[in-house]
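K.L.:
Below, each chain spelled out in residue letters.
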Amino acid sequence: MKVEDEEKISLKGRRGEKRFRGGSGALLAAATLLFVAPVLGQAPKAPAPLSSPSTATTPSGFPQASSIDLSITSGTASRRPLAIPMTSAPLQTDLQTKAVDPFYTTLVDDLAGSGVFVVADPALYPKGMRPPQTREEGDSWKATSAQFLLDTHLAPEGTNVVVEARLWDLATLKPILEKKYTGEPRAARRIAHTLASDLVRQFTGRPGPFLTKLAFSSDRDEPRVKEIYTMDFDGDNQRRITNSRTLSLAPDWSPDGTKIVYQSYEKDTPGLWLIGKDGTGKRPIPVPTQLNASPSFSPDGRTIAFCGSVRGNTEIYTVQTDGSGLKRLTENAAIDSTPRWSPNGREIAFTSNRQGSPQIFIMDLEGANVRRVTQAGNWNDEAAFSPDGGRLAFACRNEGDFQICVMDLASGRTVQVSSGPGAHEGPTWSPDGSKIAWEVQRGSSTQIAVGNADGSGSARIVTSSGNNYSPSWVKTLE
Amino acid sequence: MKYSLKAGSIALVAVAFIVACSNKPAATPAPAPTPAPVSTPTVVTVEPQVTPTPQPTPKVEDGLLGRTVAELSGNLKPAFFDYDKADIRGDARDALAANATWLKKYTSVQFTIEGHTDERGTAQYNLALGDRRANAAKDYLVSLGVDASRMKTVSYGKERPFATSHDEDSWQKNRRAHFVVTGK
Numbered sequence: 106m107k108v109e110d111e112e113k114i115s116l117k118g119r120r121g122e123k124r125f126r127g128g129s130g131a132l133l134a135a136a137t138l139l140f141v142a143p144v145l146g147q148a149p150k151a152p153a154p155l156s157s158p159s160t161a162t163t164p165s166g167f168p169q170a171s172s173i174d175l176s177i178t179s180g181t182a183s184r185r186p187l188a189i190p191m192t193s194a195p196l197q198t199d200l201q202t203k204a205v206d207p208f209y210t211t212l213v214d215d216l217a218g219s220g221v222f223v224v225a226d227p228a229l230y231p232k233g234m235r236p237p238q239t240r241e242e243g244d245s246w247k248a249t250s251a252q253f254l255l256d257t258h259l260a261p262e263g264t265n266v267v268v269e270a271r272l273w274d275l276a277t278l279k280p281i282l283e284k285k286y287t288g289e290p291r292a293a294r295r296i297a298h299t300l301a302s303d304l305v306r307q308f309t310g311r312p313g314p315f316l317t318k319l320a321f322s323s324d325r326d327e328p329r330v331k332e333i334y335t336m337d338f339d340g341d342n343q344r345r346i347t348n349s350r351t352l353s354l355a356p357d358w359s360p361d362g363t364k365i366v367y368q369s370y371e372k373d374t375p376g377l378w379l380i381g382k383d384g385t386g387k388r389p390i391p392v393p394t395q396l397n398a399s400p401s402f403s404p405d406g407r408t409i410a411f412c413g414s415v416r417g418n419t420e421i422y423t424v425q426t427d428g429s430g431l432k433r434l435t436e437n438a439a440i441d442s443t444p445r446w447s448p449n450g451r452e453i454a455f456t457s458n459r460q461g462s463p464q465i466f467i468m469d470l471e472g473a474n475v476r477r478v479t480q481a482g483n484w485n486d487e488a489a490f491s492p493d494g495g496r497l498a499f500a501c502r503n504e505g506d507f508q509i510c511v512m513d514l515a516s517g518r519t520v521q522v523s524s525g526p527g528a529h530e531g532p533t534w535s536p537d538g539s540k541i542a543w544e545v546q547r548g549s550s551t552q553i554a555v556g557n558a559d560g561s562g563s564a565r566i567v568t569s570s571g572n573n574y575s576p577s578w579v580k581t582l583e
Numbered sequence: 000m001k002y003s004l005k006a007g008s009i010a011l012v013a014v015a016f017i018v019a020c021s022n023k024p025a026a027t028p029a030p031a032p033t034p035a036p037v038s039t040p041t042v043v044t045v046e047p048q049v050t051p052t053p054q055p056t057p058k059v060e061d062g063l064l065g066r067t068v069a070e071l072s073g074n075l076k077p078a079f080f081d082y083d084k085a086d087i088r089g090d091a092r093d094a095l096a097a098n099a100t101w102l103k104k105y106t107s108v109q110f111t112i113e114g115h116t117d118e119r120g121t122a123q124y125n126l127a128l129g130d131r132r133a134n135a136a137k138d139y140l141v142s143l144g145v146d147a148s149r150m151k152t153v154s155y156g157k158e159r160p161f162a163t164s165h166d167e168d169s170w171q172k173n174r175r176a177h178f179v180v181t182g183k
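Protein chains in written order, with our numbering: chain V, 106 to 583; chain H, 0 to 183.
It should be emphasised that the hints constitute simulated quantities derived from the structure, not laboratory data. This one's a predicted model, so the numbers in the text were calculated from it and none came from an experiment. All C-beta atoms, glycine included, are put in the ideal place defined by N, C-alpha and C. A couple of the hints might just be wrong.
Unchecked claim - Listed below are the simulated DMTMM-like cross-link pairs for lysine to aspartate or glutamate, each with C-alpha atoms no more than 25 angstroms apart in a straight line:
1) H:Lys172 with V:Asp324
2) H:Lys84 with V:Glu436
3) V:Lys372 with H:Asp146
4) H:Lys183 with V:Glu371
5) H:Lys151 with V:Asp326
Unchecked claim - Listing some non-contacts, in silico: residues in chain V with all C-beta distances to chain H over 12 angstroms:
6) Thr210
7) Asn449
8) Asp513
Kindly produce the complete structure, drawing on both the sequences and the hints.
P.N.:
And the structure:
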């Protein structure tokens, strides 16, 4: 592997340098090990694909769709073929295992799953020729099918590492993106996420979701207990934020990403709770109803929609985060459950069996203009609006197990985006609308999967410790 | 019909609701318990006096002495349900009638009715279904003369299954209203 001359890569840093502190302490390194372990009987090499529908697979193991509807991610053009040769670095074993390998693997995983790039097969990469200096060298890279080359270099600098990245257009042999990042070695993955996000922004005008987090519920700590956790979108950096020692379920992020609302059985009866994303500032939202399940933040962050019960009849309610202004939106003897707020704040989707089987309905905030939106199947549930409000993801079932479906609300056209065995439930959208996370149960193991919202490629299991449920993706990109 | 948060409407109305919201015309649970022989609670046989006196004297409550609430919970039978239903079916009526007999004998007993579901269906919907089952069992007990102030309800949905296999046998065990004695 060629080690680049640092003098030669005198990056202009036209968007400035970024420095990374690597989160809080050694937790990050420990958490990295958690999600890599295989789950659900997959081969012991993470990430484990959830299904393998005629897709190509990069050596990183991240599966790719052979075709993709780019309108979802970029709104324009097709995926850019990109070569990502191994990050060059000084030959130090410690540096390689602690920084270079995590950096490179994360970078390739992010970009291959971005929907914006397709990563050319590394087996075809020419030796050296970085950066391509001549037309012939450029053509050697283009022979891999790549149109772009992402050249990265990582080197120690004091106690930090410095990553320099340059994206070459192989047609013009000119760099079209130059970046430099500095951080502690344990922040290598975070640097890779940042670079990947910057690259997606270069082509789509908005950052990728690689720096965003999910909240979820996990039973890993002790039997009969579920606690709320957060993690990076790829399963790294998992942290427990509650210590309820009872059932804590169904987290949902506040719109600004600072708080999480969830249902917990503290005080023996299920109630609504708020907690800061770092586990501080926990407090109950006092409500007179029972059950108090499925809390959903309004887009302005002031109000919570939830499923409350009075004498066994569940209805959809809204309440201010301080417990004031309780309002019942539905009035029906059937089960009404699982409300989700629309991004424009004017509607709420929910599940009801008022017409027989559980189906998804949408109503306005007065509880009026109720309309049924799912027609096919004997059970449709757990609706989640896409960030632009145009699509609805939900757990859909006709025969057998639940899968994840996405409906275009204007046309009603519905596609199944999950596949394979197991019960797939609880979808949540990435804030850019490009991905969906959900829980999948196979046998006695339930884990969280992340896949593309258009169903391209294969979903990827990102948790493995205990059982993990009810993912909620943070709602802001930054 | 309208629910208010504060009003304490009578239990039969709630039972009627449950029946009404079922698509099939389910058999209406008869409020009057059948005088069928009820299996004897084990607590009685262990105590010295074989035939407890009918008066609500301390002697009757003696049947609770030396018993943990966990042991006492074993005297209360679960009521089982059909898939995605909260209607009180025939076998559940018998179980609840037996429970009512025991509960009216030991009037100091406080208890919680847990609503449970099988693993099919989504977690959040099942919480609502479990809540409905717990309240259906509560309403039926109240209709049999058990004081509503002695009982609480809580739904666990599919969160705490009794059987963990993925077959109808386990699913039926998990579709239940489960009784837990909390005080005596």
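K.L.:
Sort out which numbered hints this structure fails and list those numbers smallest first.
P.N.:
Those not satisfied come down to hint 5.
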